[in-house]
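As they're listed, the protein sequences go chains A and B.
Just so we're aligned, residue 1 is where the first sequence starts under this note's numbering, counting upward by one.
Just so we're aligned, residue 228 is where the second sequence starts under this note's numbering, counting upward by one.
Hint data in this document are derived by calculation from the structure and do not stem from the laboratory.
Computed from a prediction, not measured in an experiment: that's the story for all the values here.
C-beta atoms are modelled at their ideal positions from N, C-alpha and C, and glycine is treated no differently.
Honestly, I wouldn't trust all of these hints.
To be verified - Rough simulated footprint, nothing fancy, chain B against chain A, three-plus residues with beta-carbon under 8 Å:
hint, stretch
1, 49 to 60
2, 120 to 131
3, 138 to 147
4, 180 to 188
Number of protein chains: 2
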Amino acid sequence: MRLPEARAAQRRGLKPGESLFLQDDRVDNVYILLDGWAFRYQDLKDGRRQIVDFALPGDVVGLSETAAAPCGLEALTPCSFACYSRKAFFELIGRQPAMGLTLVQMLSHAEARAIEHVTSLGRRTARERVAHLLLELVTRLKRLNLMADTKSLDLPLMLSHVADALGLANETVCRCLSGLRRDGVLVLRERRLKVLDLRRLADEANLSETDAFEPAVPAMPARRFAA
Amino acid sequence: MRLPEARAAQRRGLKPGESLFLQDDRVDNVYILLDGWAFRYQDLKDGRRQIVDFALPGDVVGLSETAAAPCGLEALTPCSFACYSRKAFFELIGRQPAMGLTLVQMLSHAEARAIEHVTSLGRRTARERVAHLLLELVTRLKRLNLMADTKSLDLPLMLSHVADALGLANETVCRCLSGLRRDGVLVLRERRLKVLDLRRLADEANLSETDAFEPAVPAMPARRFAA
DNA sequence: CGTTAGGTTGACGACGATCAATGACGGTGG
DNA sequence: CCACCGTCATTGATCGTCGTCAACCTAACG
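Build the full structure now, drawing on both the sequences and the hints.
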């Protein structure tokens, strides 16, 4: 699933807080996030902000941003992207059928996340949302083999990011995290998360029937895009 | 953008309330909704339900439902689907590059809707959500040339569908609709919606900077899949 | 007619937003 | 070294939107 042509692809770097593109921008390129964390967000006219998704290494962005991007993309940490013209990207896919499959799988995962996100915002309580988001991030990082040790990891997020992702106020997120800490589920301090009881976290998240998060994820055989 | 092969494709019908597939099902086919309304939904373990998206004629479903479907699909009205094996579908796409483009466009639109949906649930008030959903449906139907006259249309939705789509209680939806009617924005009775003031409805929806819904949609040159 | 499903309206309570004060850091300049 | 910020986290007090519970209405149907 590696892209041999990838070496030829343009690179693009981003510092924390910088944007790859803004909401409403015309986006002609397709990007693959090689390293770092970023997020996609949408702004309302009155200033309220909604974070739509977090992008992690291997994720593809820009594919759906055809004419005018429905949302902007901003870096959380220093990021580096491989960047293809839309045309070149599709040619690449066309030449490597296996890559097409991987792409479809990734888009499927992204949509599954979007669906879970909608369900969270629509039907879960504040505490459930917080637990669900943390569980999702832990699961994704595990699949990417990107967790420092098994239990703890760095989250380059401020309260306001979590709040904007979950449709909550900062203070509410803070209270939920305090609660989860008091109850011995996790510790989150100084941007570092330690999950003390994964099963318990999953219970708190009030999962849908579908998503079986934790169960010994079998190391994800299919590789992500990488370059 | 028509599919000549489509005549050969299997058909599948559905009566209101029936499901094409359930959450967690393995879905091997890709379906194109030829006629009717349906919705995709996700259930939580405690019974709460979230409607994720509404499917209208021309929409593709099943693409992202690779291993275990993240959500079920249920018919609102009598529906008919063209149904392809995943393999046949991709062959079809492979043979007709233009179709691939159309597909990408449709997936982009679907994702844009998902993003707007997330924003609605996360950051919009009850009244804004209701207005936004109605505006979205009106816009989609216009593009499909599926509106009876310019101003009014049939919505095969119960209060509970709107409520489950917007993360609200039936009573809240009812109150919002009463309010919008009182204020002369629209009339919704007996499953029939009449928009009295489209611009006003757009204001009520508190649109994101991005989505310019109403502005004289130029009849959507690109055709949807059809068979 | 009686029954049932769905819509409508009111009363009340709860969850989470808002406002405000305080604390913990890290950076900057005197 | 330490006063002075600015940013972000934390906690408490109060308020408002929306969920819940309940009663009633209407239309469809046997």
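Hints and how they fare:
no., hint, result
1, 49 to 60, "holds (count 3)"
2, 120 to 131, "holds (count 4)"
3, 138 to 147, "violated (count 0)"
4, 180 to 188, "violated (count 0)"
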